[in-house]
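S.K.: Okay, so the sequence shown: first residue is 1 according to full-length UniProt numbering, each after it adds one.
Think of the hints as simulated: they come from the structure by calculation, not from any bench. Check the hints yourself; a few may be wrong.
What the hints assert, rightly or not - Computed list of lysine-lysine pairs in DSS-like fashion (alpha-carbon distance at most 30 Å, straight line):
| id | residue 1 | residue 2 |
| --- | --- | --- |
| 1 | Lys121 | Lys17 |
| 2 | Lys146 | Lys121 |
| 3 | Lys152 | Lys134 |
| 4 | Lys164 | Lys146 |
Claimed, not checked - Okay, the calculated beta carbon distance ranges per label pair:
| id | residue 1 | residue 2 | range |
| --- | --- | --- | --- |
| 5 | Ile127 | Gly167 | 41 to 51 Å |
| 6 | Gln172 | Glu118 | 45 to 55 Å |
| 7 | Arg33 | Leu133 | 20 to 30 Å |
| 8 | Glu135 | Gly167 | 45 to 55 Å |
| 9 | Glu195 | Tyr11 | 19 to 29 Å |
Model, not experiment: these values are computed from the prediction. Where a beta carbon is used, it is the ideal one built from N, C-alpha and C, also for glycine.
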Amino acid sequence: MQNKNQGGRIYRASAIKDILRIARERSCQAERRTKKWLAEELGITTVRLTGIEQGTSQVPLDLAIAWCDAVGDKVAKQKILYIYGVALPPTDPRLLESVPAQFINFQSELREAIDQIEIFKQVYLDIRPGRPLKENHLEVAKRAMKQVMDVKQASQCLSAAVEKAIGISVEQTMSSWVQQAVADGVVMRSIDDYEDYAKDRMYEEHVREFLGAQGVMA
């Protein structure tokens with residue numbers, strides 16, 4: 001299986017300072033390597049910037065992302081997002097040189113995911129609410145969900161390879177996806193939509209608690 005990372009957490013929060021420092025020092029554009037330029041770009045002092053790189057000053061997620069964007073380091077940005085638990089760890093960029101190889105990898109992972117989901121679908125029909133999950137059912141579910149994650153990683157690799165080869169950026173693709181998702185009504189369009197959802201969720205939970213207290217199955 002291609003493009004895989006093994007083990008648990010790869011980078012920890014203590015690595016953020018080094019990731020950001022390396023991203024600045026190894027920026028492809030010489031002027032962006034200086035603390036003075038980057039501090040001005042981020043709207044912070046060079047003293048704070050130095051403190052961040054030394055680990056004596058805290059760096060919020062938005063500032064860390066702005067830092068990576070300023071120096072043009074997408075790998076560092078992906079590392080930061082992974083540390084914060086909102087993204088997969090970055091794939092070694094050297095594995096993304098061949099777009100045809102990423103086509104093959106994506107198709108392979110997708111076929112395997114379809115096979116695993118078909119197995120999971122059959123097992124899911126045997127799961128009964130309120131009853132302990134059988135160990136074999138749990139293992140099937142874990143394999144299926146891991147393969148879904150493999151497809152996500154493979155899709156990111158393919159997107160990165162295409163961006164590098166022909167210039168269709170991930171940001172452009174995401175923007176197009178969001179526009180279509182909004183048009184299709186599959187994402188929350190506004191804060192009001194979220195508030196309506198939160199109210200409904202709170203009401204449903206209240207009803208379940210009330211019925212439970214009355215000894216009635218919800």
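S.K.: Would you pick out the hints that fail for this structure and give their numbers low to high?
M.R.: Violated: hints 1, 6, 7, 9.
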